[in-house]
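Q: Listed in order, the protein sequences are those of chains Z and Y.
Numbering of the first sequence is given in the working numbering, commencing with residue 1 and proceeding in unit increments.
Numbering of the second sequence is given in the working numbering, commencing with residue 1 and proceeding in unit increments.
Wrong hints could be hidden among the right ones.
As the list claims (entries may be wrong) - Think about it this way: if two alpha-carbon atoms lie no more than 30 Å apart in a straight line, the pair counts; the simulated DSBU-like pairs of lysine-lysine are:
hint: 1; chain 1: Y; residue 1: K45; chain 2: Y; residue 2: K5
hint: 2; chain 1: Z; residue 1: K5; chain 2: Z; residue 2: K76
hint: 3; chain 1: Z; residue 1: K76; chain 2: Z; residue 2: K289
hint: 4; chain 1: Z; residue 1: K262; chain 2: Z; residue 2: K133
hint: 5; chain 1: Z; residue 1: K207; chain 2: Z; residue 2: K76
hint: 6; chain 1: Y; residue 1: K137; chain 2: Y; residue 2: K8
hint: 7; chain 1: Y; residue 1: K137; chain 2: Z; residue 2: K429
hint: 8; chain 1: Z; residue 1: K5; chain 2: Z; residue 2: K135
hint: 9; chain 1: Y; residue 1: K84; chain 2: Z; residue 2: K5
hint: 10; chain 1: Y; residue 1: K45; chain 2: Y; residue 2: K84
hint: 11; chain 1: Z; residue 1: K429; chain 2: Y; residue 2: K8
hint: 12; chain 1: Y; residue 1: K45; chain 2: Y; residue 2: K118
hint: 13; chain 1: Z; residue 1: K289; chain 2: Y; residue 2: K118
hint: 14; chain 1: Z; residue 1: K5; chain 2: Y; residue 2: K64
hint: 15; chain 1: Z; residue 1: K429; chain 2: Y; residue 2: K158
hint: 16; chain 1: Y; residue 1: K5; chain 2: Z; residue 2: K429
hint: 17; chain 1: Z; residue 1: K76; chain 2: Y; residue 2: K122
hint: 18; chain 1: Z; residue 1: K289; chain 2: Z; residue 2: K60
hint: 19; chain 1: Y; residue 1: K118; chain 2: Z; residue 2: K5
hint: 20; chain 1: Y; residue 1: K45; chain 2: Y; residue 2: K64
hint: 21; chain 1: Y; residue 1: K118; chain 2: Y; residue 2: K5
hint: 22; chain 1: Y; residue 1: K122; chain 2: Y; residue 2: K158
hint: 23; chain 1: Y; residue 1: K5; chain 2: Y; residue 2: K122
hint: 24; chain 1: Y; residue 1: K118; chain 2: Y; residue 2: K137
hint: 25; chain 1: Z; residue 1: K207; chain 2: Z; residue 2: K289
hint: 26; chain 1: Z; residue 1: K135; chain 2: Z; residue 2: K60
hint: 27; chain 1: Y; residue 1: K137; chain 2: Y; residue 2: K158
hint: 28; chain 1: Z; residue 1: K135; chain 2: Z; residue 2: K280
hint: 29; chain 1: Y; residue 1: K160; chain 2: Z; residue 2: K5
hint: 30; chain 1: Z; residue 1: K429; chain 2: Y; residue 2: K45
hint: 31; chain 1: Y; residue 1: K158; chain 2: Y; residue 2: K118
hint: 32; chain 1: Y; residue 1: K84; chain 2: Y; residue 2: K64
hint: 33; chain 1: Y; residue 1: K122; chain 2: Z; residue 2: K5
hint: 34; chain 1: Z; residue 1: K289; chain 2: Z; residue 2: K133
hint: 35; chain 1: Z; residue 1: K135; chain 2: Z; residue 2: K166
hint: 36; chain 1: Z; residue 1: K76; chain 2: Z; residue 2: K280
hint: 37; chain 1: Y; residue 1: K137; chain 2: Z; residue 2: K5
hint: 38; chain 1: Y; residue 1: K64; chain 2: Y; residue 2: K137
hint: 39; chain 1: Y; residue 1: K84; chain 2: Y; residue 2: K122
hint: 40; chain 1: Y; residue 1: K84; chain 2: Z; residue 2: K429
No wet-lab data here; the hints were simulated from the structure.
Computed from a prediction, not measured in an experiment: that's the story for all the values here.
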Amino acid sequence: MSLWKIAWRSIQQRSLASALTALSMALGVSLVVAVFVVHGVVDLSFRRGGEGYDLIVGAKGGRQQLVLNTVFYMDKPTGTIPYSYYEEFVDGQFAPWTETVVPVCMGHDYEGIQVVGTTPDMFDLLTYRDGQKYKFARGRNFRVEEPFEAVIGATAAKETGLDIEKTFQAVHGGEPHEQEFTVVGVLEHTGTPNDRALFVNMDGFYKLHDHQRGEEGPGEEGPGEEGHEEQTDQHASAHEDSLDHDNRPSSKRVTAILLCVKALPLGQSRIIAQQINSGKDAQAVFPAKVIAGLLSGMVGNVQLILLIFAVTVVVVAGIGIMVSIYNSMNDRRHEIAVMRALGASRSTVMVVILLESILLSLGGGLLGLLLGHGAIGILAPLIVEQTGVAMGMFQFRPNELILIPGLVALATLVGYLPAMAAYRTDVAKSLTTTP
Amino acid sequence: MLYLKNVKKSFTQPDGSELPILDIDEFQVAAAEQMVLVGESGCGKTTLLHVISGISRPDSGRVKIDDWDITLLSEAECDRFRAKNIGYVFQTFNLLPGFSALENVLLAMRFSGENPDKGRAKHLLDRVGLSHRMTHKPTMMSVGEQQRVAVARALANKPKLLLADEPTANVDSGHQQQILDLVRETCGEEDVTLVLVTHSSEVAGQFGRIDHLEKFNQVAVNQ
Numbered sequence: 001m002s003l004w005k006i007a008w009r010s011i012q013q014r015s016l017a018s019a020l021t022a023l024s025m026a027l028g029v030s031l032v033v034a035v036f037v038v039h040g041v042v043d044l045s046f047r048r049g050g051e052g053y054d055l056i057v058g059a060k061g062g063r064q065q066l067v068l069n070t071v072f073y074m075d076k077p078t079g080t081i082p083y084s085y086y087e088e089f090v091d092g093q094f095a096p097w098t099e100t101v102v103p104v105c106m107g108h109d110y111e112g113i114q115v116v117g118t119t120p121d122m123f124d125l126l127t128y129r130d131g132q133k134y135k136f137a138r139g140r141n142f143r144v145e146e147p148f149e150a151v152i153g154a155t156a157a158k159e160t161g162l163d164i165e166k167t168f169q170a171v172h173g174g175e176p177h178e179q180e181f182t183v184v185g186v187l188e189h190t191g192t193p194n195d196r197a198l199f200v201n202m203d204g205f206y207k208l209h210d211h212q213r214g215e216e217g218p219g220e221e222g223p224g225e226e227g228h229e230e231q232t233d234q235h236a237s238a239h240e241d242s243l244d245h246d247n248r249p250s251s252k253r254v255t256a257i258l259l260c261v262k263a264l265p266l267g268q269s270r271i272i273a274q275q276i277n278s279g280k281d282a283q284a285v286f287p288a289k290v291i292a293g294l295l296s297g298m299v300g301n302v303q304l305i306l307l308i309f310a311v312t313v314v315v316v317a318g319i320g321i322m323v324s325i326y327n328s329m330n331d332r333r334h335e336i337a338v339m340r341a342l343g344a345s346r347s348t349v350m351v352v353i354l355l356e357s358i359l360l361s362l363g364g365g366l367l368g369l370l371l372g373h374g375a376i377g378i379l380a381p382l383i384v385e386q387t388g389v390a391m392g393m394f395q396f397r398p399n400e401l402i403l404i405p406g407l408v409a410l411a412t413l414v415g416y417l418p419a420m421a422a423y424r425t426d427v428a429k430s431l432t433t434t435p
Numbered sequence: 001m002l003y004l005k006n007v008k009k010s011f012t013q014p015d016g017s018e019l020p021i022l023d024i025d026e027f028q029v030a031a032a033e034q035m036v037l038v039g040e041s042g043c044g045k046t047t048l049l050h051v052i053s054g055i056s057r058p059d060s061g062r063v064k065i066d067d068w069d070i071t072l073l074s075e076a077e078c079d080r081f082r083a084k085n086i087g088y089v090f091q092t093f094n095l096l097p098g099f100s101a102l103e104n105v106l107l108a109m110r111f112s113g114e115n116p117d118k119g120r121a122k123h124l125l126d127r128v129g130l131s132h133r134m135t136h137k138p139t140m141m142s143v144g145e146q147q148r149v150a151v152a153r154a155l156a157n158k159p160k161l162l163l164a165d166e167p168t169a170n171v172d173s174g175h176q177q178q179i180l181d182l183v184r185e186t187c188g189e190e191d192v193t194l195v196l197v198t199h200s201s202e203v204a205g206q207f208g209r210i211d212h213l214e215k216f217n218q219v220a221v222n223q
């Protein structure tokens, strides 16, 4: 008969008190699991967003604002850059170092979901999450020669009800454009912000405004122009700057450029970024670096606070275990004295009490893991829908591994006081008292 | 086998004064001998058993069991010695309530530091007539059955010495003789020295050797 079994029997003897203390530990641990998972979800959804390209080139301004807008479709653009600057990456001064270049134009939405003007390369050449190719759940990618074709993300399709062959009108400044885009493809779920966006042919994006101007006549300011006021604040829609009626590429502007650089010696991409940043037209940022900064700067602090709360709950639960065992010591002194009389040493009875504390902590901890992951299993569809991050019930995060040694350490600490009480039991005196 | 010399033991009272309990010049029991200690309540019978078993240390004197002076052993050594060499039957049985009859016997084996011998534990329970109660917990057993488990537990580690502290005091009269016979028979079968404490003259009368422990004159007198 092992000491573990002796400790377990002692727990069984006080089943109600043991169950309640283990439950309080379970709740604490499930909170810790929840914090880990929330952090994991936020971390993954943030980091995945910036995967698939090396650099973002956009108008000068806030680096974080550029990343938030270009990657996560949040915040407003830092401004726009000339289309000609984009061409420098296609066949100009930056072309030798460029492997893939994809322009994006923003400033429109549909039912609150960002409408992004881009090229088919966005889905043909760029990748996401560890180099995966974009796949279509239904339909196909839009074509260069069809300006009013669109591709939509999985979550956007679900939220808007749009599907193949359905049409939508991009809205700018609260007013929808007359021109309609036809959905030709629905992307498979990617777990990136692209799930929550509508992608249209960039040519069609430019033509929206040209069409509007044609109807309104020269000199009239269309609905989209109200953004000009914002443009001065660098909040412009990309096509608002396409003032050239001839639709010449040189007069167009783009919101940002997504760039994959060729395999270069270490530090070369940094030199390219420095070269871009030294010019007056644009800035280049490493999305992964900016996202990491965002995570550690803002999200990291929030996670730390949540983690402190959760760990406090676990510690309080641990103290509950200590109180529970310590309170039981009065009733158990006789039992401990009997064990001692049978030959158990002081250290043996001390170890039994410590093992009892460890069993209660670990039992509660395992229950907490089950509760936490059970909740994740239940909430997984909602998490996928809201964040695009797929979570499984049995998908454990590496930092959860710290829970096991952490709980054992906590249990040893909180079990020490009652264990010492057991250690100091006066055998002769306790044997003569009635149990 | 058991030899006590100049053993003194006293307790400190709340007012700080010392209350002498034991003052034994000499006391010895031969190997495999069965003897009984009688005396009125408070005369120190239980304290004497505690001192013999090493549960309590004497203030002075020597307690030798088979040439081992347990007063010279460290506490841990004394615990180990007790587990291996001394069986103890308590007046209130003192079975651990969370464990079955079999587990109570195995527990005693566990504390001796040896691998618990399940076969022997079962044999002992069979010997005390509880083969059908091995998995039952103490609360599911009668008083007589509980004391029989206590006897089996006391013999678990093949002790050289069995100390029985009023083993029949809490057993109904119908089972008193049965328990007493069981203790004496099993000790006889395993050549175990028996020191039995009782205040019952009926029980004492069945033993060939009866020692009286006098209150405030704690000298064991062989009769």
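Q: List in ascending order the numbers of the hints, as given earlier, that are violated by the structure.
A: 2, 6, 8, 12, 13, 14, 17, 21, 23, 25, 26, 28 and 38
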